[in-house]
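Following the hints, position chain B against chain A.
So the protein lines, in turn, are chains A and B.
According to my numbering, the stretch in the first sequence is residues 66 to 192, in order.
According to my numbering, the stretch in the second sequence is residues -8 to 158, in order.
Everything labelled a hint here was simulated from the structure, so no lab data went into it.
Even glycine gets a Cβ: it sits at the ideal position worked out from N, Cα and C.
Just so you know, not all the hints are guaranteed correct.
Under 10 Å between C-beta atoms, here's a sample of chain A residues computed to sit facing chain B [to be verified]:
#1 T67
#2 I77
#3 L81
#4 S84
#5 A87
#6 P151
#7 T158
#8 K174
So you can see what is in the structure, the chains are spelled out below.
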Amino acid sequence: MTKSAKIAITIIFIILLLSAGALFVYSYMAKSSQLTAEIYQNGVLLHSIDLSHVTSAYELVIEGESGSNTVLVEPGAISMLDATCPDHICVKTGKINSPLMPITCLPNKVVIQITGSVSDEFDIISY
Amino acid sequence: MNTKKLTTLALLTCVSLIIFVIESAIPPLVPIAGIKLGLANIITLVVLANFTPRDACLVTMARVTLATIFTGTAMSFLYSIFGAVFSLLLMITMHKIFVGKYLYLTSIFGALAHNAGQIIAALIITATPAVLFYFPVLMISGIITGLFTGLCAHYANVYLVKIVRKI
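Chain B with its partners taken away, still in its complex shape:
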């Protein structure tokens, strides 16, 4: 990895981290646990669209780790990692299937996988099958927020691709 690419990825990680921290400071719109806009995923999508899947994993994992150090607990790290891993795996697969187009569809699947991962993490950690009742609500909110984030990433990429491709 050359220095320019390293610096660009580091910058994007920073932006993702800032978005995450600011978003966590906004009081929740809906008091249901786990519903959030997930705006930091915009950066993950931009990296996925412009660099290799491995770079997307690097940026996302770095952001999750740093975000937990800044704003989270060891518990929230577990939930975040579960969500991030599920989300990354599905997004990388869908991005390949869509051959780089339809970023907003990739984003929806990413959001769904993220929510599913967090429910599974809650299932394992609290050992209560009752958390599965959360599935319908989180699936619906995942589709909505995934679409919104995906569209943001799509239109941001129109401008970012010019800057980022200069590596």
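Chain A with its partners taken away, still in its complex shape:
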């Protein structure tokens, strides 16, 4: 195996370990008691919801130029109930309760992101 191949495999392993590490950090942040869900459209923050203070479930409708999204807010979790986009990947994502994964509806440019209060310095993790 040539030297360049060995370096390449090392780089791949480093990326793999860093990604796995980041996922562990995300799941740790999920265990924090205060979960805030932020709903963005076109980069503009529309709603900031404290999920741990939600007592009963309710729905939010977000209107955009190319369609609308219906968001279901529950105690401790948020999910996309319905959308007018063709793929419905946002609906299939299901409920989220950690910063591990946001819910995105790219055609309508809606992003739902959960931020944990444990470590505020981890606003963005990039490599």
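Below, chain B without anything else, positioned relative to chain A:
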């Protein structure tokens, strides 16, 4: 470019397009946006292994354009182009570094670059820094799918090289 080479490249573009369309018809295994097998990259790797980098760019760009016309929207074209350009640049570089060997390693880097390109496209289009949270998941899936696609391309090339080299 002589006619035989042109026809072979056109055929390979067709095969790549068919693979892409069939793969997009399969319901997603994992409901995370952006995770897919990327089997059409097998053809890109085969072209990269048997022809010049310019030919690989031709085939890939033609396939991306046609695929968007058949199955996509103007939005998906932007994402595809970002992914394809990043992926091609890195794959051509790595292919040169590896002197044509280790096709599966080139493929992994191609997959990683493709996913990174799509995240950057999503960042620009949705203007939300929160999409960067997707990076770890897409990097891991990129390594896995890149390895799988690369191995497929490697073993396909064992047979294809005999047909394709007759140009």
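Min Cβ distance, T67/A to chain B: is it shorter than 10 Å? Nearest chain B Cβ about 7 Å off; hint holds.
Can T158/A be said to touch chain B, with a Cβ gap under 10 Å? Constraint on T158/A satisfied, holds at 5 Å.
Interface hint check: A87/A, Cβ to nearest Cβ on chain B, cutoff 10 Å. Holds or violated? Hint on A87/A: holds, closest Cβ of chain B at ~4 Å, below 10 Å.
Chain B contact restraint for K174/A - C-beta distance below 10 Å: holds, 5 Å
Hold the hint about I77/A up to the distance rule: shortest CB distance to chain B must be less than 10 Å. At 6 Å from the nearest chain B Cβ, I77/A passes the 10 Å test, so the hint holds.
Chain B contact restraint for S84/A - C-beta distance below 10 Å: holds, 4 Å
Does L81/A meet its interface restraint, that is, does its C-beta lie within less than 10 Å of any C-beta in chain B? holds, 6 Å
Answer holds if the nearest beta-carbon of chain B is closer than 10 Å to that of P151/A; otherwise answer violated. For P151/A, the interface hint holds, since the closest Cβ of chain B sits about 8 Å away, which is under 10 Å.
Checked against the numbered hints given earlier, this structure breaks none of them.
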